Amino acid sequence: MTVDSATTSVTAPPPSKPPEHREGSSAAMRSSFSSPLASIIVVIITVLWTIPTVGLLITSIRPQSDVANSGWWTFFTHPSFTLANYSNVFSGNNSGGGGLAPFFVNSFIITIPGALFPLALASMAAYALAWVPFRGNTFVFFAIFALQVVPLQMSLLPLLQIFTGNFSVFGFHIPTPHLAGISWMPYLPVWIAHTMFALPLAVFLLHNFIAQLPRDLFEAARVDGASHFLIFRKIVLPLSTPAIASFAIFQFLWVWNDLLVSLTFAGGGTSVEPLTARLSQLTGAFGSKWELLTAGAFIAIIVPLIVFFSLQRFFVRGLLAGSVKG
Amino acid sequence: MSPHFPSPAVLNATFISDSIPKVGQMLTALAVFFAVFLLVFLLAARAKGKAQSPIAIAVFLGPAVLLLLIGLVMPALRTITLSFFNSDSSKFVGGLNFGWAFTDPDMRTVLINTVLWILIAPVVSTSLGLLLALLIDRMKHESVPKSLMFMPMAISFVGASIIWKFVYDYRDPAEKQIGLLNQVALWLGWKHPPNWLLTIPLNTFLLMVIMIWVQVGFAMVVLSAAIKAIPSDIIEAASLDGATGTKLFRTVTVPLIRNTLIVVFTTILIAVLKIFDIVRTTTGGNFSTEVLANEMYTQTFTQFDNGRGSALAVILFVGVTPVLVYNVLQLRKERATR
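Chains A and B, in that order, give the protein sequences. Start counting the first sequence at 0; every next residue gets the next number (numbering that gives the first Met the number 0). Start counting the second sequence at 0; every next residue gets the next number (numbering that gives the first Met the number 0).
In case anyone wonders, no lab produced these hints; they're calculated from the structure. A quick note: this is a predicted structure, and the numbers were derived from the prediction, not measured. Treat the hints with care, as some may be off.
As the list claims (entries may be wrong) - Calculated pairs, DSS-like style, for lysine-lysine (alpha carbon to alpha carbon, straight line, at most 25 Å):
(1) B:Lys246 with B:Lys139
(2) B:Lys227 with B:Lys139
(3) B:Lys246 with B:Lys227
(4) B:Lys190 with B:Lys175
(5) A:Lys233 with B:Lys227
(6) A:Lys233 with B:Lys47
As the list claims (entries may be wrong) - Derived coverage of chain A by chain B (criterion: at least 3 residues anywhere in the stretch with Cβ under 8 Å from a Cβ of chain B; other residues may be distant):
(7) 37-50
(8) 75-83
Positions of the beta carbon are idealized from the N, C-alpha and C atoms, including for glycine.
With the sequences and hints as input, model every part of the structure.
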């Protein structure tokens, strides 16, 4: 059950038990509530939950005139189909387009390092906290754990001042590297901000997992004279793959879907901004151009949906563990 | 910032020529990052004897702790300080910003809205999630409804907001409708439905629906796992004693999943307290829908009032403190029993 231990914490639910328990409990409970009625209610709610997304998808593939003059539900009686909305919103080849293509690229450029940097730093920190004994170990772990819940809003302004070299305390200017001004590395502030904000959760999640690895492994390796670095590379990393995958997916989606951090640290127009920031603006600018807005929104949500449906197992685990983040 | 729209041919060329350096930057950054680590690892691994452990701690833990100090601890302390200063942080003003936050008429709307969000959205999401978890436990093919209801959790709040803004789209009843809600209202015989997102206070509740839509799936999946983890003999024993239906639910199921219920509830509570993207994307905080987290952003980065913005951030922080303390106490208990 080591895999599930990554989520067993106060921030996560108890892991689901193996199937044999399930059968018993649901069989006994079934008698207390009629199953067909339950199924009908669930199906109705599921349909209700899905309709808004279906409406978005259908609208995005209908021609502009149809979208403006009839509800998407008439699609079933009067089907019409076009991909023009996507090409318009993606490349912006007419005056109403959104030109989302560069923002789509930006989202990837922000998200990939935004997930890999904290992953590397956190797995190392988690190993040190779990297997290198030192004074203050518990304190550091608890402090990092507590930082998970601190709202990002507490950091935004001072961190931006640090990045722009405008950090001063009581009138005294404190020189900081002007990271936001490096023209050939415009993504640096947003990468670093995402890395910083991801660390508390990442360290906590990976620590829970790494601390549960069998003690014998580490003792045997130490007896053989292996250094911490060798142990980390040869034992910890290979054995923690499930936890690393869970966090990587969680963080990928978190960064991809984030608006607050990117608005604050990636406000550079087409050169840096991700899709979320751009779409949030277009909602105002496009007004009632629903065919473009829905296509744009679908472009933004298709990536997380692919990740979600293909890696659901890891995703759910990471999400459950990390739901209090930021 | 006004977008410009180049012709297709130009766009394709510029798009590609713009994207290549971006990808190059990313690969360079990743390569440098990992090269530095490899180098430090190789050097640090040569340490022998007594220095081994301290060096390992410094290399493994140092970068993370340093980034946390610079990125979270120091800024948080700084924000607390700034909240007692004026808009450009040049003059100490005591509790003036907090006084403004609690007495200004516009701020009163913001606070009332935030309290409404906190009181309603977490309770509705958690109870609906619990109901669904119980119902779904009695179904044969549970994976499909579970996936579909959990799906909104994968979508960004921006995406969810656009999806729902379209549902709420209002047109005069005489015209052809494109917003689902208005159409359904008309079908049901409501002659003059309100202009949904412009009607106060209805609009705030409609925005809450977006949050609930996102969070119910989360609550359902977590609670469903907890219900399945209840040992079957407990349920059987209770049934033998004559507990059925709601009694079984009230006296056995709920107490056994109490901790999970608290986790789900507080998790959604924190998310609701910090809700920002939904309000920003749907109404921009207009029409009396403003909430604390969005107002904090507006005060800081639109009004450039560092004092007020920081004071609002501090209020948010105070709001999550009970959860923070509770979580730390729980973790201590958990570690003590391990």
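* Asked: Regarding the pair Lys227 (chain B) and Lys139 (chain B), is the alpha-carbon distance no greater than 25 Å?
  -> The given pair, whose Cα atoms are some 14 Å apart, holds under the 25 Å limit.
* Asked: With a cut-off of 8 Å between beta carbons, are at least three residues of the region 37-50 of chain A near chain B?
  -> It holds, with 10 qualifying residues against the three required.
* Are Lys246 (chain B) and Lys227 (chain B) close enough, with their CA atoms no more than 25 Å apart? -> holds (18 Å)
* Under the criterion that the straight-line Cα-Cα distance not exceed 25 Å, is the pair Lys233 (chain A), Lys227 (chain B) satisfied? -> violated (36 Å)
* To do: For the pair we were handed, Lys233 (chain A) and Lys47 (chain B), check the Cα-Cα distance against 25 Å.
  => holds (19 Å)
* Assertion that chain B covers the region 75-83 of chain A - criterion: three or more residues, beta-carbon distance below 8 Å -> violated (count 0)
* Asked: Do the alpha carbons of Lys246 (chain B) and Lys139 (chain B) lie within 25 Å of each other, as the hint requires?
  -> holds (24 Å)
* Within 25 Å, alpha carbon to alpha carbon, are Lys190 (chain B) and Lys175 (chain B)? -> Since the Cα atoms of Lys190 (chain B) and Lys175 (chain B) sit roughly 14 Å apart, the hinted pair holds (cutoff 25 Å).
When held up to the earlier numbered hints, the structure conflicts with 5, 8 and fits the remainder.
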